[in-house]
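Engineer: The primary structure of each chain is shown beneath.
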Amino acid sequence: MTYLSTAPLSLDALLAEVAAPHCGGTCAFLGTVRDGPEDGGVTAIEYSAYDAMAEAEMDRIVSETRRRWPDARVAVRHRLGLVAAEEASIAIAVATPHRADAFAACRHVIEEVKKRLPVWKKELRADGTATWVDPSGHPSMVGPQ
Amino acid sequence: MTYLSTAPLSLDALLAEVAAPHCGGTCAFLGTVRDGPEDGGVTAIEYSAYDAMAEAEMDRIVSETRRRWPDARVAVRHRLGLVAAEEASIAIAVATPHRADAFAACRHVIEEVKKRLPVWKKELRADGTATWVDPSGHPSMVGPQ
Amino acid sequence: MNRVSGTAGTAGTVGTLRVRFFARYAELVGRSEGTLTVHLPATVSDVMSRIRDEWPGTAALPAQPLAALNLRHVRLDAAVADGDELAFLPPLAGG
Amino acid sequence: MNRVSGTAGTAGTVGTLRVRFFARYAELVGRSEGTLTVHLPATVSDVMSRIRDEWPGTAALPAQPLAALNLRHVRLDAAVADGDELAFLPPLAGG
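Residue numbers (this note's numbering), protein chains in the order written: chain Y, 523 to 667; chain L, 523 to 667; chain S, 4 to 98; chain A, 4 to 98.
Just so you know, not all the hints are guaranteed correct.
So the derived list for chain Y, only partly shown, Cβ under 7 Å to chain A, looks like this [said to hold, decoys possible]: (1) Y572; (2) M575; (3) I612; (4) V635; (5) L639; (6) P640; (7) V641; (8) W642; (9) R647; (10) G650; (11) A652; (12) W654; (13) D656.
Stretch by stretch, here's where chain L covers chain Y in the computed footprint (C-beta under 8 Å, at least three residues) [stated by the list, open to error]: (14) 524-533; (15) 545-553; (16) 601-607.
Label-pair ranges, simulated between beta-carbon atoms [claimed, not checked]: (17) E36(S) x A529(Y): 20 to 26 Å; (18) Q67(A) x A606(L): 55 to 61 Å; (19) G562(L) x R78(S): 47 to 53 Å.
Think of the hints as simulated: they come from the structure by calculation, not from any bench. Cβ coordinates follow ideal geometry from the N, Cα and C atoms, glycine included.
Chain Y on its own, in the form it takes in the complex (with noise of 0.2 Å):
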């Protein structure tokens, strides 16, 4: 199974690969890079990762969510490389029988992703900058204090 993607996602296949007859509810995130007024004239992201890190911590993170909601069907994508404003840099499907379980799995999922995927992103703008994220919000600690 890989997680990781440097092509664009597409959301049509991740709910196919969760689709069964059993789940009345399925659950959907995407998450996009974003260049609103106050993202500072953002073009595009690249994301890197500690590639085989990702896939395993992916790989753990669907198989803890499989295991809290036995019935949960889970897909999950995160894009790599470069990619441009508006466009999709994660994926998640969730299906389940019934909805409230469809939206607490998938929610748990792009959560622990967010806490545990090595991933990078540098966000590139307009002006030609580049700015490692920190989404912590302080910049980061750099030398020894």
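Given the coordinates of chain Y, work out where chains L, S and A should sit on it, guided by the hints.
Structural biologist: Showing chains L, S and A alone in chain Y's frame:
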């Protein structure tokens, strides 16, 4: 705006409707006709509605959702007529700047739809029988008690 | 509960309503709509009682069905007015 | 904290590690990986201290970075073993 459709639903169309540069998180929900082992051989569901009220009620649900999550972009379609097993009866897409709102607003829409939309379904089975579905679980009370 | 015709005699006004039945209720009643003239003031519940007495098949409806007035959910004690569209709704099953 | 070479003298065993840097850390350090031989037992933290003393550019790394050992997140007090792959990870930004 029409929220009702007798044609198959396209989640891609809804995703395109809600996409916006400042929205980095999109949550989608698909409700599909089940035919699991516990569903007694359902081959299709015939959905019918109080059309004018369903349109009005859906418009109120969407407006309320936008008021509660002002940054949310919301699209929803409910299918009517004959819907085969594993096809979608409802599709919802909600895009927001941040993902927590996308999940919450999307969940809100489906919960309100379940509670308020004047839509009914008749399950058609392989053995030729048809049953009106009462999601509350008890058989419909008929006659004065 | 009194019938509409017995409670609104003094006001002297009447209203004409379009009454609709959907899904299973339409099947039970054997029709999907009808027109009813009632003395005002009257509530949805008053109209329901009147219909149950006068329209064949409506006895099969529950005593307290879901109701909608002019495309909105209403309680059974909501007042009706001339020209209103009143609908009786089986348990909802959308989504 | 003592350096590995100072704490594991009695055991006498050594281990060879593959050490990797990613994203911003690779840029800061000016390389994405290297090989290091350490005396065992040793923790991730011990290795980190040793690297900071010996490898140019690594002084720019934070004192307590995220670390992964053999493709799993680990705490800095986790023990390393011969043949391990140890990675230092900048703040994660997936999703």
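Engineer: Does the structure break any of the earlier hints, and which numbers would those be?
Structural biologist: Going through the list in order, the structure violates hints 9, 10, 11, 14, 16, 17, 19 and respects the others.
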